[in-house]
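Engineer: Just need the whole structure built from these sequences, with the hints factored in.
4 protein chains.
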Amino acid sequence: MIKAGIIGATGYTGAELVRMLSAHPDVELTVITSRQYEGKKISDVYPALSGRSDLVCEAFDPKTFCEQVDIAFTALPHKIPMGIVPDLLERGVRVVDLSADFRFRNVADYEAWYQPHTAPELSENAVYGLCELYHDEIQHARVVGNPGCYPTTILLALVPLLKAGIIRAEGIVSDSKSGVSGAGRGLSLGSHFCEANESFKPYKVDGHRHRPEIEEVLSAAHGDGVEVTFIPHLLPATRGMLSTIYCTLAEGKTEEDARQVLESTYADRPFVRLREKGMMPDILHVQHTNFCDIGLSSDSRNGRLVVASAIDNLLKGASGQAIQNMNIMAGLDEKAGLL
Amino acid sequence: MIKAGIIGATGYTGAELVRMLSAHPDVELTVITSRQYEGKKISDVYPALSGRSDLVCEAFDPKTFCEQVDIAFTALPHKIPMGIVPDLLERGVRVVDLSADFRFRNVADYEAWYQPHTAPELSENAVYGLCELYHDEIQHARVVGNPGCYPTTILLALVPLLKAGIIRAEGIVSDSKSGVSGAGRGLSLGSHFCEANESFKPYKVDGHRHRPEIEEVLSAAHGDGVEVTFIPHLLPATRGMLSTIYCTLAEGKTEEDARQVLESTYADRPFVRLREKGMMPDILHVQHTNFCDIGLSSDSRNGRLVVASAIDNLLKGASGQAIQNMNIMAGLDEKAGLL
Amino acid sequence: MIKAGIIGATGYTGAELVRMLSAHPDVELTVITSRQYEGKKISDVYPALSGRSDLVCEAFDPKTFCEQVDIAFTALPHKIPMGIVPDLLERGVRVVDLSADFRFRNVADYEAWYQPHTAPELSENAVYGLCELYHDEIQHARVVGNPGCYPTTILLALVPLLKAGIIRAEGIVSDSKSGVSGAGRGLSLGSHFCEANESFKPYKVDGHRHRPEIEEVLSAAHGDGVEVTFIPHLLPATRGMLSTIYCTLAEGKTEEDARQVLESTYADRPFVRLREKGMMPDILHVQHTNFCDIGLSSDSRNGRLVVASAIDNLLKGASGQAIQNMNIMAGLDEKAGLL
Amino acid sequence: MIKAGIIGATGYTGAELVRMLSAHPDVELTVITSRQYEGKKISDVYPALSGRSDLVCEAFDPKTFCEQVDIAFTALPHKIPMGIVPDLLERGVRVVDLSADFRFRNVADYEAWYQPHTAPELSENAVYGLCELYHDEIQHARVVGNPGCYPTTILLALVPLLKAGIIRAEGIVSDSKSGVSGAGRGLSLGSHFCEANESFKPYKVDGHRHRPEIEEVLSAAHGDGVEVTFIPHLLPATRGMLSTIYCTLAEGKTEEDARQVLESTYADRPFVRLREKGMMPDILHVQHTNFCDIGLSSDSRNGRLVVASAIDNLLKGASGQAIQNMNIMAGLDEKAGLL
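Chains as they are written, first to last, in the UniProt record's numbering: chain A, 1 to 339; chain B, 1 to 339; chain C, 1 to 339; chain D, 1 to 339.
Honestly, the hints are just simulated from the structure, not real lab data.
Where chains are identical, the list cannot tell them apart; a pair therefore holds if satisfied intra-copy or between any two copies.
Calculated pairs, SDA-like style, for lysine to any residue (alpha carbon to alpha carbon, straight line, at most 25 Å):
id : residue 1 : residue 2
1  : K335      : G51
2  : K40       : A267
3  : K40       : M20
4  : K40       : D70
5  : K277      : E227
6  : K163      : Q139
7  : K41       : K204
Structural biologist: Now the structure itself:
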């Protein structure tokens, strides 16, 4: 049995980790922490968890925490993990971090969009936890930067196509839509039921922080600077995320070529489901799962390729992928606890 | 043209008043106030109102305000109106108050559920603004206490039946359900989209403040103390409210008797729609309207009468009824600006 | 490994069975049937199931079917199972039937609300599959009548209270609310998105077929005829069901007595969660689970006890409970495949 | 008073026409027809309309119909209006047709995407009823082809920009999203509540029939063939439509230039609201209104201009614009009955 702990267990992603790790056949969830709810049972914070977990939220103490775990999930706001993770590693605990703190190899990108980084070398040497594309590196990683939700949808769709030269690197547009849970459990007018229900709108059109993350990975895949027009929107749904990505086929390439590349890339990956020709993904089909569904379409008049990619933002876009990372790091079946 | 002003224009009920009064054929909306948004255009607070109103939120100054209006709507949290209304009246302005401050003839009830009342005589002499049942008193009222949303559904259904002796006063149960807008625009975990969407639950089961309001009016209708078991629930919908009311037919009375009493009571009232036998109201049919729909059913095995009553909580349950009250007070067509 | 098959796999309850049985640690799902989708992969009918099940829908042939299974789930419209189940039993296959065909010990009740019964003795000897209350009988049952969704909410709440004499048998009212999936995948105006979204209404107020099922079991618990006023409502949510039940405490009994009876009844039952004093269930907390959450409240003025009971109508109200029944019948851990 | 009639009053757009025309200050709605509901009161088909209209659905008889109306709204499925409208015109009745039958000047486009046209000359001479852009032609039109909902969002945004040379005609992408009411009241699995709720997906990616309509009008504005990549999506909301349009600024042009062109184009048009810099439209702000909200953003790195445009698909996208067309045709205030 792997012993796991969660630092920051009371946000939406933390609660999903508690739920899944409590039922995971190869894991014992030994400790959870929360500043806001210290001393409270997690099942009082999330009544849905009663009958599943009896754990009580503790204050975070590195020594006590690390004595109880082999692997830690840090489900905290950006900036906090980079202050904690170095200590965890020194104490021999491996880490899956769900914030942005360890997603960037190029720390300057992080610093341009977030804040100064206090553990830059660690970030440069962390592994980007997009499981299907960095499986081998993840196996041996000490710290994994769990990808952002939007980047997960876009990168699983585009990285293989760019690498194989199926699409051009110029002119990529991603029109992306997320359920409201992506904004977390904190209170704001934008996530008030009466403002989000029956609503739909673009937001952060002048620059969302997931854009540099997307561009860094796409640029690495392409071998050169890739710019993406990325417009996120808020859906009137709790969970689910779908990116409709518009790009241009490279000279002589076809939708069928794109399909074959994705098929061969993901042939043995249990959580990417390539949809048949003419069929597009629906967030309904991935909710409460760790799957990423991808569909293709093209316009023969102008060589435009449309790739749609859907996930559950709290699972494949956060906690599910975090557990998938843990499974890979610990040498378990990649699917354990996730189906 | 009647000149109207709104004190507290930036909550959900205030914004509905702005929308409707701006289009009202016989009213000029001259002034709106807001502490939180002083100096801001109402269309910046509610972008839906742009193109409808150019008004800017002002600070409330009694003198300036009263010089511009014949009638004032106070759309403020409980407790504030009772400090303001006496001054408005002295300055010759008639008032429709949307809070609970002037809903109680028996001030002790108010004080037991809210707080000490600073204008008790005014409350005792205010008119309860349930338009269909207190039409004549409203015509001449200086201050109208606009009814609560839950009381509106229950009282329109039961007062005529109790008065006519169709139902027994004992054992009345109202299982009531409200859309989330009933909780207002303030932030709370309960109105977070992810907590309210796909959710449904009873709340305040140990005593909601609308219960004494309901019981006071029912007791007056019956001539004696009436107790109601009242359980409110939160619906995963923005607007709409439906009460399913369980009571017992008086000896020898039938569902058909109940229907006839309601039919004759509301024959000339434009906003109560009695549904045909076998048909029940649906909040979908009253949303964005000032109607109250009422349906009847009964169980011949045990004399149980079931009355369902539906409104839009922000309109007939608040701002729509407030305008209906103003229409009656000002001698206008009761329906003006409301269809 | 238990070998299981599903007859009628393509409705919502059938699809939930496929999903859960495919991941069940002790079960092999060997065969699924469908008239409408014969020859189609289940993952084409429900794209959400791709990557989980490769099964193809077959026509139902009793001989072939029974050679492949130890236990059968019949997820078919009422009336069809009673024509099929006798043959399955003769071929040595045990059955969990999700229709109403085997829910009634008193066949006359069935015939009054459904149609003539063609296997009345089988129905009289079938076991009512309310797992928490009929656990021992289920262990040895050859055919289990899986309870209706509404009855599950009401009976888990009331049977222990009636048996223990905590509440009176007279005057029980259940105001029940269901998500739209309770109406199945068939097309009707009532389940059209634009008619159900932002809607809420009572339906079948003159008699829903779950009422005799509820009354039969309550009457057996009480030892005498119990009549219930049962008004179902349609919620604007996909899944979830909540009954708010109004009853009267027996002379000298209290809410605390009720709590103690439920606590001791369900102390060792993993899927009933009794909520603490002051806390009420929410369908959000039981969605996608097999739990039933129960909360209590009372009005000391008149001895009214309010019991609220919530489930996921497709799981504890149908397919989850069906698997729980199978687990009990097969001597497995009652929770296997359900957490 | 203008006398108006509706042919096909019982779909969602027909019902909206009934609602608005019944309250229109300058119109008398004299007759409504329906094949499906002949002889039924419209308020039985749509209980929301009771208390608003007492009209009974009649069979359509051209002679009787035309004797009662000055102007006719045809709210029928494509193909039927072209068989009816010529007769209406001969009888001196002007027509606003809500189908596609009179939207195309180039009948070959219509025939490629719909079916052979039986009144091609009439179509060629009809006026495209996009009120803000064809106001003058509409005034004198005998038959107006009321625009499709998607085209309305896209054309109001792009036509002025193309005409003024602000954007390039190449490479335009519209990622468009519609509420479910856009699919009408007919039954289909796609509009089943449980399939549409909490769902989001692209559909008709290989060619939606609104594309040729969009391209015809854009090409006319540009003076040359314009191709658009148009991907519609289905939102989990009843009403509302938003297009996020990606295009490229012409050499030397800026977002500010685009803003100025839209501002001057719509300065006197009451129903287009250009949002301030940094603010994007939300379908919540246009629901139940005839407004079209437009917002702008751009990416200085690559000259990409993003234009978002939102309407209520049943109002500005159908029945509201139809009434706006009638107002213009009849010389009434363009806003009459629409605010």
